[in-house]
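Chains as they are written, first to last, in the numbering used here: chain E, 1 to 268; chain U, 1001 to 1408.
One or more hints might be untrue.
As the list claims (entries may be wrong) - The following label-pair restraints were derived from C-beta to C-beta distances:
no. : chain 1 : residue 1 : chain 2 : residue 2 : range
1   : E       : Q163      : U       : I1362     : 51 to 57 Å
2   : E       : G39       : U       : L1011     : 39 to 45 Å
3   : U       : P1003     : E       : T247      : 48 to 54 Å
4   : E       : Q163      : U       : K1018     : 20 to 26 Å
5   : E       : G39       : U       : G1329     : 28 to 34 Å
6   : U       : V1004     : E       : E42       : 48 to 54 Å
7   : E       : T247      : U       : L1011     : 47 to 53 Å
8   : E       : N198      : U       : A1022     : 34 to 40 Å
9   : E       : D54       : U       : Y1407     : 31 to 37 Å
Derived from the structure by calculation, the hints contain no laboratory data. We treat Cβ as the ideally placed atom computed from N, Cα and C, and that holds for glycine.
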Amino acid sequence: MTRPLPLPRHAAEPPVAQAPPGAQPHPVIQLASVVKTYGTGEAVVHALRGVSLDVAERDYVAVMGASGSGKSTMMNIIGCLDVPSEGQFLIDGIDTSSLDEQQLAVVRNRKIGFVFQAFNLIPRMTALANVELPLSYAGLRAAERRRRAEAALALVGLAERMQAQPKQLSGGQQQRVAVARALVTAPSLILADEPTGNLDTRASHDLMEVFDRLNAAGRTIVLITHEADVAAHAKRVIGVQDGRIVTDRRLTEPDALPPLLGQPGMRP
Amino acid sequence: MSPVQVFRFALAGLAANKLRSALTTLGILIGVGSVILLVAVGNGSSQSVQNAISSLGANAITVLHTEGSAGPAAAPTSASGTTAFAEPQNLTVQDAQALAQAQGVASVSPAVSTSETLTYGASSDTASLTGTDPTYFSAEDDTLSAGSYFTTAEVNTAQDVVVLGSEAASNLFGTANPVGKSVLVAGIPFTVVGVLATKGASGLSSADNTAVAPLTTVQDALTGFGTLNDVVVLAKSAALVDTAEGEITSILDLRHHETAADADFEVLNASTLLSTASSTAHTFTVLLGAVAAISLLVGGIGITNIMLVTVTERTREIGIRKAIGATPGVILAQFLTEATLLSMIGGALGVLAGIIGTRFTIVGVKPVTVPLSIPLAFGVSALIGLFFGGFPANRAAGMRPADALRYE
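Using the sequences and the hints, build the whole thing.
Okay, here's the thing in structure tokens:
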């Protein structure tokens, strides 16, 4: 594994406000009494029943909960893939309710990097092309896209497999390509929805090591999981049940290093 | 996002399903190709008819014998003893002689025509046989390639002489010179005195598979002394054609006691024939074009169909692209480009197929490409891609990312 590298910054991205000494770090995510319902009348489903949550810069948050608890809905709202029925959601201080679909797409492109349980790479495109894709949508030139995508792939340890197609890669490798794609635009937030759900123990551990290093390098990470040993990598663990936050446990301060960084862990 | 990138994504999308893309393209190819080809066929047949008619000669006027429209309707009034309507009469040699007195008329050639089998030795040919006067040849713009025309004296004495059209001559004699030889026309021996120069096809029948003999001979031996089929009148000049037509009509009305409503003859000249024929040909061309346009429309619906399938199949991919920052506009552009590429590739191949197709003779017609039909058909195919791809592309652009990502 390569050592942490300085992460590329997006040229068009405004500099992240530096917190003055002693003050609370700048919140990347602010959820205020967010309610999400699906359907109407008799068939109404309350996915979120009033969730309030602030996530500070450099924090590393694990969201835990059973399936149907509302954690995926929360993830969709934080990822600007869905909008709240009630309440407010701010990302980097921007109120998302005032944005149209076009502006939400720009926010997803510049502020958020997604990692999904099912990897969600685009088939028939090489690893490199998949990682370049968000930069294409950001409008970068080909040479710059390639330079950054290669750096991101090197960072996740896949410098050798850049020209491979997704189906030629193992699950763990595919998920690391997805992580490279998530961080290539230098987003404020990396959002991972059960990233280890389809991986074996060894690949899970490798992936969590990548997340630990990204957080140590200054990335804010929110990941959803129902595995306790994955949650143990985070600095803060939030429990969700029936559309509400029921527990909120802090393991380490946001500015500290991730608790399991550099530990041998589950390696055989 | 640069247009080059959008174009690349669209190409990759099409390449992912080569067979499907090829079949969809084929629909447009057939549509565009048939527009170009069928319009060219219509245009070609229209031009050949026009050429044939203009070869008749601008000063010639043809008086055709018709059955008249008053026959059965006139029966009750005839029974009451009055003649409010005249019975249809024959067109006679006397009528023709009367027409020769008109001011604008240079010559008059009464004619009977019939279809007969000509035989020379072992070879035979079915040709149209015309019995007429020598003035007929100049009125029809005929020229000789061998021998001479028959004379007025030969007409007056009903000689068994014949002038052959070039095709009839070659069918019977091959390359040998027919002049002076004897051919059998319906079993009667005729001496060939001349051969006409080639005139070319006039629409469906050949103007060269003909035989021309003295009027008296043909009436005597074959058609009998009933009505003439037509009288070919040559006006003194092109400017006098309309005057001569008016004179002919009034002379014949008088002689046959006819009014315009129940005339038993019809007066035609090259320009009226030309305008009738070209309006017929125009209708024919429009009809062919419409059939072809329908096949282009069907091809367009094929594009909508296949793009809807593609969008549904790639819902998850659309979700991923949206999650990583594709705006609705970019997704719209990608799928519109895919549809337009399909239709434009089909259009370009269709233009090629159409142009190749027009090099062949189709059902006896040599197609003549209408230059405008090529950019028009290609342009329409490009627009079809935009129009018929618009609906599926819009559906893709409007997908909610959370729903699209959940799609299995």
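Verification of the supplied hints:
no.: 1; hint: E:Q163 to U:I1362: 51 to 57 Å; in the structure: holds (52 Å)
no.: 2; hint: E:G39 to U:L1011: 39 to 45 Å; in the structure: holds (41 Å)
no.: 3; hint: U:P1003 to E:T247: 48 to 54 Å; in the structure: holds (51 Å)
no.: 4; hint: E:Q163 to U:K1018: 20 to 26 Å; in the structure: holds (22 Å)
no.: 5; hint: E:G39 to U:G1329: 28 to 34 Å; in the structure: holds (30 Å)
no.: 6; hint: U:V1004 to E:E42: 48 to 54 Å; in the structure: holds (52 Å)
no.: 7; hint: E:T247 to U:L1011: 47 to 53 Å; in the structure: holds (51 Å)
no.: 8; hint: E:N198 to U:A1022: 34 to 40 Å; in the structure: holds (36 Å)
no.: 9; hint: E:D54 to U:Y1407: 31 to 37 Å; in the structure: holds (32 Å)
Violated hints: none; the structure is consistent with every hint.
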